[in-house]
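Hints given; two lone chains; assemble the complex.
Residue-level listing of the chains:
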Amino acid sequence: MATYQSNDDSVVVVIGSGAGGGTLANELCQKGIKVVLLEAGKRESPESFVNDEWGSFGQLAWLDKRTTSGSWQVARDFSGLPAWICKTVGGSTTHWAGASLRLQEHEFRIRSVYGPMKGVNMLDWPLTLKELEPYYTRAEDKLGVTRTNGIPGLPGNNNFKVFYNGATKVGYKDCHTGRMAINSQPRHGRGACQQLGFCFQGCKTGAKWSTLYTEVPAAEKTGRLELRTECHAARIEHDDKGKVTGVVYFDKDKKEQRQKARAVCVAGNSIETPRLLLLSKSNKFPDGLANSSGQVGRNYQRHTTGSVYATFDQQVRMWRGTTMAGIVTDEARNDPKRGFVGGYELETLAVGLPFIVAFLKPGAWGREFTEAIDNYANMAGLWIVGEDMPQESNRITLHTTEKDQFGLPVPNVHYDDHPNDVAMRAHAYKQGAAIYLAAGAKKTYAVPPYPSTHNLGTCRMSGTPKDGVVNKWGQAHDIPNLFISDGSQFTTGAAENPTLTIVTLAIRQAEYIAKQMSANAI
Amino acid sequence: MLTHPIRVGGDATPGLSRRELLQGAGVLFGTLWVSSGALLALAPSRAWALELKTFDANTGKSLLMLTRNIYPHDKLDDAVYALVVKDLDAEAGTTEATKTLLTGGVAGLDKASGGNWLEAPRDKQAALVKSMAGTPFFEKVRGKAITSLYNNELAFAYFGYEGNAWRKGGGYLTRGFNDLKWLPNPPEKASPKPFLG
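Protein chains in written order, with the numbering used here: chain R, 1 to 522; chain X, 1 to 197.
With the rest of the complex left out, here is chain X (with noise of 0.2 Å):
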């Protein structure tokens, strides 16, 4: 079963105590898309759940927007993007000037949108977006990502990276190093047979 740092399938009712509900930490939850095809094979079920140590709900599902917006794949399911937000919550979590940082750029989109930046409508979202490149929080946001979207078994089931060789079956001499068909093979004194033992 895949080993998610957000929790999926059966682990992913939310589990907060009292005590949490109380600091008003937020839950993102969500349902694995159903065109997520090679994610659903890494879960067990479809429902997906983040507990956040530090954000209410709001400032975790406008950050997860947020980096919709600054890394746009459309197809990329939202439990993905969730990572980030769960990266960012972490930092907050030790961090006061991040903590500041973050609630206070999604505060920012809210007033700039007179309103909540979430409710608007998708192109003046973006337009806001495109408005806040280069600032503090918005590096922050993309810089987190840059790390945090791409660096999972999630991503890498999306994007076709296989990740791991090591421990998905070893080196690629018996399984496909040079499976390329499309282009003719190079001739051997160019590139030789491999030695097979």
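Pulled out of the complex, with its shape left as it was, chain R reads as follows (with noise of 0.2 Å):
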């Protein structure tokens, strides 16, 4: 590994070393260029994680202080954890279940195709998946998803062969163990699935792709990463010319530390990047950072989500392998005669009996919620991914008076569902409880949305600068040498989960950071 001094402003500082960051730190590695890597969280290996549900949450979790505002129900259920993301190396691959769609062609262009709506700040991405799809190829290759380059799909578990029967009965086509980012077969030197479950804690195996033992370490081999953990970064500071200098963080011993950057990449997840550019406010920039359009840390998306589970007279036992063990594409498309503009994905999702209980009705307590718990072996469950409507007022703030361990003002995610979110919400769970129902269950319940894995959209990307944050390669409209390389980038988020579309953007941004440096264009 390398080191670099403190004021070597010829180094790249990427923030965050998840799907967008680490992806994006291997990347540049490989072409030459000279990377710090600041990640605020340790290093596990899939030796230290553990197979226990509230043990893992613990060590990979983000748990610094955050508020939450707004009428979504994470705000009721869970006012101090509005997403459940990682702090850890590898930021939330570690804890992702590592389904990888890629996005569908209507959905980069929603303002054309489901035209305005009331309360909808749409846009279009000024991308096309034509654009996208040789780097989707690469993200794919690079991940090892299964059902491409000929990579077999996963076997089903007792979870699947029940959500399968249920869907099929009820006239579903698409249905099938899905593309996912583990591997099915041995390859790139880490083994086939054991089907262990737990995929939400770390794989054990790293079967799982995570950025964790793939690029972190690729990039370290090329000697020309330098990984410091530990590091949570505070601000990002420039120069009279508008330019990004460097970064100062506080490392583990909560010392304030200076790193200087010829270019600031951030992906910290879609809560702490806005976090950090309003932080980073200065007499020049007020707003904070690449907020000249105002949308930084607004139009705040995190999934039209909730959960179906239901009981049976047999046992499931949907904990045994993968945690997301296939998925039903049918309700992807956009029809609007369904009372609704996009689409929602249906895939299965299994959790212990110590989350079950924590997430099937939070605050329930009584006779109807241990009758359900006391069918916990006989249960089967699935998740609704579903496009939610950017809206202006759904945003990432600054905490007036709440402040974190290191003195910041926390960041406050508020979130209204709008109209079009509920419709869908509505029918996901209609047709969850059909699937079921249809494959023998005694019971079906809807389960509100967990505290957001996916969260998107408070820097977007825009073919303008009065629109968003950031133009087409994830670069601020306002600041040439910074880019936005996470999720927070989507300038939509679409039904599909996001971490391949963040992979693929992070392997082009790569290509175009090299070229404007080597043109000396940053």
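Everything labelled a hint here was simulated from the structure, so no lab data went into it. Any given hint could be a false lead.
Some residues of chain X that are not near chain R, with every Cβ distance over 10 Å (derived) [what the hints assert, rightly or not]:
| no. | residue |
| --- | --- |
| 1 | T31 |
| 2 | L42 |
| 3 | A43 |
| 4 | S45 |
| 5 | A97 |
| 6 | L101 |
| 7 | E119 |
| 8 | Q125 |
With a straight-line cut-off of 25 Å between C-alpha atoms, the simulated DSS-like cross-links for lysine-lysine are [stated by the list, open to error]:
| no. | chain 1 | residue 1 | chain 2 | residue 2 |
| --- | --- | --- | --- | --- |
| 9 | R | K361 | R | K443 |
| 10 | R | K241 | R | K472 |
| 11 | R | K173 | X | K193 |
| 12 | R | K361 | X | K75 |
| 13 | R | K443 | X | K181 |
| 14 | R | K515 | R | K130 |
| 15 | X | K111 | R | K443 |
| 16 | R | K243 | R | K31 |
| 17 | X | K140 | X | K130 |
| 18 | R | K243 | R | K515 |
| 19 | R | K442 | X | K181 |
| 20 | R | K442 | X | K75 |
| 21 | R | K255 | R | K42 |
| 22 | R | K443 | R | K169 |
| 23 | R | K430 | R | K361 |
| 24 | R | K281 | R | K241 |
| 25 | R | K42 | R | K65 |
| 26 | R | K169 | X | K181 |
| 27 | R | K169 | X | K193 |
| 28 | X | K130 | R | K361 |
| 29 | X | K140 | R | K65 |
| 30 | R | K472 | R | K130 |
| 31 | X | K189 | R | K169 |
| 32 | R | K403 | R | K255 |
| 33 | X | K140 | R | K361 |
| 34 | R | K442 | R | K361 |
| 35 | X | K140 | X | K75 |
| 36 | X | K75 | X | K111 |
| 37 | X | K61 | X | K75 |
| 38 | X | K111 | X | K61 |
| 39 | X | K140 | X | K111 |
| 40 | X | K181 | R | K173 |
All residues carry an ideal CB built from backbone N, CA and C; glycine is no exception.
Now the structure itself:
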């Protein structure tokens, strides 16, 4: 591993080592670029991961103070935990379930396809699916996505068996074990999935792709990466010309440090990324960095989610095997006849006993609740992932009084469901229940959204500077050597799990940064 | 043998010092129910004991019964509910506000039942619990129970959850990840055969 001086202004500083930052850092290093990678969390490993839901939550989750507001149910059920994402090397790629879906063509241009809607800050991506396709192909190869590149699908577990039987009975045509970044056979030095379950708790065999044991060590091997763990970025600094010059961060001893930089790439997930830009306000940029549009922190999207669990007369043991074991894509189309625009995916999901009691009906008590839990071994479950509408008022702001452990204002996450989101969720609950009833369920449970895992859109990409924060390369409209490299740059959220697209954009962004650097444009 | 936060089997004899007794801390003890088959398999013998650090025995027993009212699993042994009392007792030992809230809450239950809530008839007990739903006292006990009651090996055994797969024999690839027999298997196109090396 390389070591760089804090005043070395030839390095690129990448903030965050997850799907976006971890991938970008490696891609840059492979091209000969020197990278300092700042990661707020510690470095774990498959050996240190634990098959224990609460234990792992304490090990991996981002638990710094956050507040919530708005009418979304998460603010009521999990008021201090708006998002279930990670503070650890590898970021939320340690926790993700592995679903790797390309966005659909129409989802890049919802303003054109869905048309104007009240309360929705509609915008088309400055990108098309066609432009991204070659990069999607590279990302799928990097992640080893099943059902691409000749890689077989994963075998379905018991939870999938119930899901498949119900889904085909209600007439769904496209139901299978999904496109997953989990090895169905050994590949690229990592073994095949052993069906442990506990995908959310960090994969103990490394069969599931995570930047922790792929991109980060590959970057280290080039000799150009310096990974600094337990380093929490506090603000980005700039010069009189408005170019960024470095990052101020707190190290593991809470000591303030400053790393100079030729360019800065922010990939702290869609809450911390806009928070950092807002924290970096200055006389020159009084509303925060890269915020001439006023869009930093706005258009927060988190997918229209929810779960359906169902109990049966006989055992399912849904926890056995991959957490997300299969998908129905039939509802992902845009078909306004259903009463909403956009679509949703249905994906099986299993949680263990400690988490089902926390999530099934937060706050519930009494016999109706305990009878459901008594049937836990006979339970099957799925998750809804739908496109939510970008609304300007759904946003990340700095709290006016609450401070974190470094004395920095904590982020507040405000979210109101749009009527389109509500209609979509209701439809998905109905369809999810229909699947399980068709498979013979005794009872079905519509489960409210978990804390957000898909946080998107808070520094969105736009064709013109007035509509968004970054251009089609993730480069800030206002500051040429500042980049956004995570899901914050999504113009809109689409219906698909976002990781594959985050990786795709990072691969593409690395090429652009390298070209800009060799042309001395940055 | 089971590692369990309350002492079971031969370790269950209360071992309180004179000082602890003078401090008035209580002990909860019991015998695993004969019907608790899965638990009996984990424990070396049926006796269990929980030494309280902060609460007296009446407060401990009341909190246990309150937890039973909040999350009633009729066949789930008191030994598992005692884990919630153990965690509440520990928190009360370090946080004065928790101690006040919980001892005050139990005193409130007693007062409302015109004597000892524990000795009130079951339906009266339940009605009083219902009237307290949503209060900070109730929520403290409920919130602790949602993690303590269900996140232990005894509860796992009771609910049939297999817990830590890594420690208990590794992946389910060769031990039943797709062993469900009451529905037909999906076709291979939807669910390919596993790679077994």
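Hint numbers contradicted by this structure: Of the numbered hints, 15 and 36 do not hold.
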